[in-house]
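Q: Residue numbers (the numbering used here), protein chains in the order written: chain F, 1 to 575; chain L, 1 to 135; chain A, 1 to 293.
Everything labelled a hint here was simulated from the structure, so no lab data went into it. Careful, some of the hints might be misleading.
Mimicking DSS-like on lysine-lysine, the simulated pairs with C-alpha atoms at most 30 Å apart in a straight line are [unchecked claim]:
1. F:K477 / L:K115
2. A:K220 / F:K378
3. A:K16 / L:K115
4. A:K98 / L:K103
5. F:K465 / A:K98
6. A:K146 / L:K115
7. A:K177 / F:K340
8. F:K477 / L:K17
9. F:K340 / A:K240
10. A:K177 / L:K115
11. F:K477 / A:K245
12. A:K16 / F:K465
13. L:K16 / A:K98
14. A:K177 / F:K465
15. F:K375 / A:K220
One-letter residues, chain by chain:
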Amino acid sequence: MERIGVFICHCKLMTPIDTDAVLEAVREKSGVVHVEACEDLCVTPGLERVQEAIKSEGLDGVLVTSCSPVLHEEVFRHAVTAAGLEAYRMRLVDIRSHDGIKENTERALEAIDSELEALKASQPPVLRKVPVIKKVLVIGGGIAGIRASLDIADGGYQVILVERTHSVGGHMIQYSETFPTLDCPQCIETPLMTETGQHDNITIYAHSEIEEVSGNIGNFKVKIRRKAAYVDWDKCNGCLMCTEKCPPRVLSEYERYLNLPKRQAHRRAIWVPHAQAVPMRPIIDREHCLHFTKGKCGVCVDTCPNKAIDFEQEDSFVEVEVGAIVVASGFDLMPKSYIKEYDADPDIIEGIEFERILCPAGPTTGKVIRPSDGKEPKEVAFISCCGSRDAEHGVPYCSRVCCMYLVKQALLYKHVCHDGQAYIFYIDIRTTGKNYEEFVQRAVEEDNVLYIRGRASKIFREGDKLMVWGSDTLTGKRIEIACDLVVLGMAMLPSEGAAELAAKLGIATDEYGFMTELHPKLRPLESSVPGIFLAGCCQGPRDIQDTVAQGGAAASKVLALFAQDEVELEEAAVS
Amino acid sequence: MRTEISTETLYSDFVKKVEEISEQKLLSCYQCGKCSAGCPMCFAMDLLPNQIIRLAQLGQEDDIARANTIWICASCITCSVRCPRGVDLARVMEALRLIEARKNVDHVEIPDIPKETIAELPQLAMVGGFRKLTA
Amino acid sequence: MTLSYYPGCTLKTKAKNLEDSAIAAMEALGMELVELPRWNCCGTVYSFAGDEELHQLAPVRNLIRVKETGSDKVATLCSFCYNTLKRADLLVRNNPDKMHTLNTFMEEEIDYEGDVDVVHLLEVLRDDVGWDAIAEKVQKPLEGLKVAPYYGCTLLRPEDIAIDDVERPTIMHDLLKTIGCNVVDFPYATECCGSYQIISNPDFVSQRAWDILSSAVRRKADAIVLTCPLCDANLGQTQKEFIEKRSDFTGIPILYFTQLLALALGLDPEVCRFELNYVDPRPLLESKGLLRQ
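The following block holds chain F by itself, in its conformation from the complex (with noise of 0.2 Å):
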């Protein structure tokens, strides 16, 4: 024979229901031999009034009405043990509703009803103890992937690294300067992509992805594919000496495929991104280079003193068991021609197109041309919210970012380019963080940069010039400039094959591919799977500083999982 107690919650912030009504209801119900309403349930004297009366009525079973049940099923569950009661036989009821008391007394008694059912048909759970590995897989090798990996690999434990490109480092090292310090990421970064290259703890298998992952939380088996490189990385020993000779100039995806004059910014078909590649080690691109295409040349193999070429080289596989993954698989902006009414110009580029061009360690060492011409421009313009912000034809959210890096980009271009003008076509300024708003101002007083508020609505090519239609709302008047360079904010979306990846994890995603969060406030750094925790923009638009503050908070759930030497799974959730 059951004892049921059944405990409805009627503090101010409930559904608003008729409580005497479900009280009486819920009496007569067979099997329930306790019901009663109280106060804030989930706070400790509405707890012990649980507890007190699992003690003497001899409740066998528990229902609790309550908000939301991802929130307040741990509080309830110690409470009962605590207690003496099994925790599956305590069972919480949603009944958050938003219509008149009527139809939410109606809607409450329904799922009582069938959580009552549920609690009576309830079984033990079966639970398994699972050991968990300690060691951890974090996927993209950006700069929330390399805090994360750098702090659990602190924390004495075994971090295996992959990376899709061939060095890790992400977007952030092929920045120009960081805001609101004017850092140059290649300096700050830097050190951390050598040291996560040279920690014990750490592995790197760049240009490779991720293959298959099967398991659970404690124990994920995953299949690494180790993309062909067609350069042994054992034998090779980074001179790139090779590279030095091979004929091709191609446009380079790091370079983000730039066309600037003399071809500066192309690389060859055996290439390293950049002079602070970690592991720095090339790659051969099959689809440009000469041996592959027709045949020919060879000049690599020659030049190589440790013959590390190897054209047969295929991908390989590895197969890790670990305890714990992290994604932080990073961003990617929308492309510009998602954007019809802006032409299709050299010189309407993106905004990490730019970063390349003023970046000191860029293809142009930091000189500020044109891609068209390779004039220095004396007038440029920076379009905010270009796709954001735009639930018609883009993205409805933020980008988070665009405003400080535009503003920040104008004010590098003045410091190279003393006589020029930088114009930013705005629609609000989103200074949020620390020294934020005090750097926009600096840019409008020291540099004279011009805000202008109101989206462009066309942009084209007349003779030399671009032109760019917009508007000052503030004034009322229809703005046209003729400008050298126009720099467009593109919207964030996270990377490419962000949700081929989430399939393989079975993590969920937002309606943009963005991995969604357990809860969006309490609960930020937790995948829908237990044991997969997200870092950086991977979840959604944000900057360096929170991006890295969210790769150390990650490692924390890590490292508190691999405090435990097992944790215990209900036999549904291990598959």
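With the hints as your guide, set chains L and A onto chain F.
A: Chains L and A alone, transformed into the frame defined by chain F:
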């Protein structure tokens, strides 16, 4: 003189009528100005299209009536096509014109149009123009 | 093959050159444009009013006329007619209650049920005839003629009736390339000419016309090619004033796409009715050797 904004102006009959005829939610507009930026006729307008919809949001019927904007609009629909918030501004402009026109006020004086113009122009100019600009 | 064809008022008067060249060109391509019997004026501009259906009567009644001929498709030549008929059709398809109101009001007519497709002749050429089929029939490729296709507004906006990409259409580009022209892009290809403002604010339309014409001239176009009789008038008539007042402007011929199509298909230039064009294109065509048969 200060402009009064209150629930009276925000939910006035005028605002309700504009939203009824245009079937648009005026508050969706976040004043980004892209409509004005692409408008082919705004060089001749007293107030820009984005300012007109802002005035409509604030229920300022008289300011809209004093401006020539809605009568210079050529209904090219560029604004609606580019609006990131999906506001069909062309319909809002039409609603504002209709509210005026239904007061039996014309905005083109037919007798004033030179005979040669009428003879030379395709009739679709006349029909279209009279439909848009007269009661 | 036959296709139901809705002319609209202007095609019968000021835009006879568009109609005649179109009918002749389509015949040469094996398609007969059969004029819709008892058609009425479409109303020219689509009524945006959400609180009344009165102005949808005129366009919808035309669609009922199409149904009466046993056809489920009608082609228009005039861009304005295309826009008005198509949008009225979409309105009633998406709003059964409005369709019901209109049908009830027009009780002597058969019911309209959203069962007629409205297309523009350019779509017929692209989708039903096909560029390859047209290419095969070209007798006189219009080589050496640099043309700037001008789309205007009504074929492309709003998006749900657009016959091609709203910002970067290529349908006229493709036709002109097929018939051998050298096609020139210019930034004002989809910019409004000022439309009906010609009757109330002709000076403003004049300014718009200058922006459009001068842009095409800067891109070295020999002629502008378009589809809409109102754009034709706005861009054509205003040129007199510019030629008089500006020493650097000598005029730029404006042609309908059907006129060039007819010419390229080897038809007698007489059917093109070039004499009706606002700026006579014959000297230009003659200079390119394109008028000789």
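Q: Look at each hint and say if it fits the structure.
A: Tested hints:
Restraint check for K477 of chain F and K115 of chain L: not satisfied, since their Cα atoms lie roughly 36 Å apart, outside the 30 Å limit. Distance check on the hinted pair: K220 of chain A and K378 of chain F sit about 27 Å apart at the alpha-carbon level, within 30 Å; holds. Proximity of K16 of chain A to K115 of chain L is assessed by CA-CA distance (about 21 Å); at most 30 Å being required, the pair is judged to hold. Simply put, K98 of chain A and K103 of chain L have alpha-carbon atoms about 25 Å apart, close enough for the 30 Å limit, and the pair holds.
As the CA atoms of K465 of chain F and K98 of chain A are separated by approximately 50 Å, the hinted pair breaks the 30 Å bound. This hinted pair does not check out: K146 of chain A and K115 of chain L have alpha carbons roughly 36 Å apart, beyond 30 Å. Among the hinted pairs, K177 of chain A with K340 of chain F is consistent with the structure: their alpha-carbon atoms are about 22 Å apart, no more than 30 Å. Only pairs whose Cα atoms come within 30 Å are accepted, and K477 of chain F paired with K17 of chain L is accepted, the gap being roughly 28 Å.
For the suggested pair K340 of chain F and K240 of chain A, the alpha carbons sit about 34 Å apart, so the restraint of at most 30 Å is broken. Of the pairs offered as hints, the one joining K177 of chain A and K115 of chain L is violated, with about 41 Å between alpha carbons and a cut-off of 30 Å exceeded. Restraint check for K477 of chain F and K245 of chain A: the C-alpha separation of about 29 Å stays at or below 30 Å, so the hint holds. Under the criterion of a C-alpha separation no larger than 30 Å, the hint pairing K16 of chain A with K465 of chain F is inconsistent with the structure, at around 41 Å.
Simply put, K16 of chain L and K98 of chain A have alpha-carbon atoms about 21 Å apart, close enough for the 30 Å limit, and the pair holds. For the hint linking K177 of chain A to K465 of chain F, the alpha-carbon distance of about 28 Å falls within 30 Å, and the restraint holds. Between K375 of chain F and K220 of chain A, the direct Cα distance comes to roughly 25 Å. Compliance with the 30 Å bound is thereby established for this hinted pair.
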